[in-house]
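S.K.: Okay, here's what each chain looks like letter by letter:
Number of protein chains: 2
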Amino acid sequence: MSLLGVLGGMGPMATATFYRDLVRRTPARSDQEHIPVVIWSDGRVPDRSEALLGHGPSPLPQLVEGVKQLQAMGADLMAMPCNTAHAFLPGLRRATGADFVDIVRATVAATIERHPETRHVGVLGTRGTRIARLYETACSEVGLAVIQPTEHDQSALVDEAIRLVKGGGRLDHATRLVEQATRSLAAAGADVAVAACTEIPLAIGRATEVLPIVDSVECLADACIEACAPRCSTTTR
Amino acid sequence: MSLLGVLGGMGPMATATFYRDLVRRTPARSDQEHIPVVIWSDGRVPDRSEALLGHGPSPLPQLVEGVKQLQAMGADLMAMPCNTAHAFLPGLRRATGADFVDIVRATVAATIERHPETRHVGVLGTRGTRIARLYETACSEVGLAVIQPTEHDQSALVDEAIRLVKGGGRLDHATRLVEQATRSLAAAGADVAVAACTEIPLAIGRATEVLPIVDSVECLADACIEACAPRCSTTTR
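Protein chains in written order, with this note's numbering: chain A, 17 to 253; chain B, 17 to 253.
Rather than coming from a laboratory, the hints here were simulated on the basis of the structure. Misleading hints may appear alongside valid ones.
Simulated coverage check for chain B against chain A, where a stretch passes if three residues somewhere in it have a Cβ under 8 Å from a Cβ of chain A [what the hints assert, rightly or not]: (1) 28-37; (2) 40-50; (3) 53-66; (4) 94-108.
Ideal placement from N, C-alpha and C gives every residue a C-beta, glycine not left out.
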C-alpha cells in the first residue's frame with residue numbers, strides 16, 4: 017500500500033482543507049480503508065510568490081528538505097497543496113527523485129472533464145503562479161486559452177483575498193473580492209474559473225453563480241485518490 | 017520552535033477536523049506564524065475498542081512505531097486526536113519517552129473552565145474509553161462525577177453514531193442518534209456532555225440545545241496551542 021506524503025503549510029488552512037477533502041472523497045467504509053498519509057506542514061517555507069518576483073529567498077531548499085523528510089517516513093507519492101510551489105516542481109523532482117501528483121495538471125484535466133465545452137479558462141491564483149505561467153503552460157498543452165485578471169484585479173482583489181484567508185480573518189470580505197474578480201473574468205470571456213490558489217476555495221461564496229469554479233484543492237485530492245487506488249485496497253469513485 | 021507531532025488516522029476525518037481546528041484557533045496572521053506540524057495518519061492501526069474489549073490485537077506496537085516516526089522527524093510534543101487511544105498512553109509514554117498533550121485531561125479542564133457549576137459530566141465516547149474508565153479517572157481527580165449512557169444507549173446510539181461517522185455516510189442519522197443519547201444523559205442528571213470520541217463532534221447537530229457540549233477535538237487543539245505558545249513565536253488567545 018502506498019504512503020502519500022503531503023508537503024503542506026503553504027498555507028496551513030489549505031493543507032487542512034486538502035486533507036479533509038481527501039478523506040471525504042475517499043470511498044472508504046472504515047478507518048482501515050483510508051489512504052495512509054504523512055503530512056509535513058511547516059508554514060515557515062519562504063513565500064513562493066515573493067521568491068518568483070525576485071523579492072525574497074527561494075523556498076526550494078526547504079521544499080527539498082520537506083520532501084526528504086517525507087521520503088524518510090516512507091512516502092512514495094507526494095502532493096503539495098499549493099499551486100505556486102509548483103513553479104519549483106522541476107527542481108524538486110530533480111533534487112529528490114520523488115513522484116508528485118501535479119495540482120496544476122490535475123486541475124486542468126478536471127476542468128476539461130467536467131466542462132468539455134471550455135475554451136477560455138479564467139485563473140484566480142497568486143502573482144507567483146501567474147509569473148511562472150503554470151496554468152498557461154498546462155492549458156496550452158490541451159488547447160485551452162488562459163484569461164488572467166487585469167493588473168488591478170490581481171492586486172486589489174485576488175492577492176488581497178489570499179492575504180485575508182492566510183491571515184485567518186475577514187473571510188466575508190475575501191469572498192466579496194473573489195466574487196468581483198470572477199465577474200471580471202466572465203466579462204473578459206472566461207467560460208470557467210479555476211480556484212488556482214489553495215486559499216481561494218475558502219472564499220468562493222457566490223462566485224459559482226457567476227461562472228463554474230473548478231477547485232484545485234478538490235482536484236488534487238481526487239487525483240491523489242486515483243493515483244493511490246491501484247496501490248491501495250481502496251477503490252476510486 | 018516546537019514541532020507538534022500528530023498521531024492520527026483514528027479516524028482520518030477526526031484527524032482532519034483536529035488539524036483544521038488547530039489552524040483556525042491559532043492566532044496567526046500569516047503562514048509563518050502557524051505551529052509547525054507533522055501528521056502521521058495511518059488508519060490501519062488496530063481498533064482501540066476491540067483491543068480493550070479483548071476482541072482484537074493491541075494497537076500499542078503501531079502507536080509506538082508512529083510516535084517513533086514522528087520523533088525521527090523532530091517532533092518534540094505529541095497529540096493523538098483519539099480519546100480511546102489514550103488508554104494506551106502510559107505504555108506509549110514508557111516506550112517512547114515522548115511528551116503528550118492528553119486529550120482527556122484537556123477536555124475535563126476545559127469543561128471546568130467553561131462550565132464551573134458542573135457536577136455531573138455525561139460522556140459520549142466509545143466502549144473502549146468507557147471500559148478503560150478514562151473520563152472516570154480524569155474527572156475524579158477534579159471532583160466531578162461521570163454519567164455514562166445506559167448499556168442500550170451506548171450500543172444502539174453512541175457506538176452506532178461513531179460507526180456511521182467513520183463509514184463516511186448517513187451523518188444525518190448519526191446526528192439524530194447523538195441527540196437522543198444526549199437527551200438520555202440530561203434525563204440521568206448530566207449538567208454537561210463531553211464529545212469524548214473524536215468522531216462525535218462531526219454529528220453533534222442540535223444536541224447543544226439539550227446540554228452544553230464540550231468538544232474534545234477543540235479542547236485538544238486549544239491545549240496544543242497553549243503548550244506550543246512558550247516555544248513558538250505565536251501568542252495564544
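S.K.: Do at least three Cβ atoms from the stretch 28-37 of chain B come closer than 8 Å to Cβ atoms of chain A?
M.R.: holds (count 7)
S.K.: Between the stretch 94-108 of chain B and chain A, see if three or more residues pass the 8 Å beta-carbon test, and mark the coverage as holds or violated.
M.R.: Answer violated; 0 residues pass the 8 Å Cβ test.
S.K.: Three or more residues of the stretch 40-50 of chain B near chain A by CB distance under 8 Å?
M.R.: It holds, with 10 qualifying residues against the three required.
S.K.: Is the coverage entry for the stretch 53-66 of chain B by chain A consistent with the three-residue Cβ rule at 8 Å?
M.R.: Holds: 10 residues of the stretch 53-66 of chain B have a Cβ under 8 Å from chain A.
Hint compliance for this structure: hint 4 is the single one not met.
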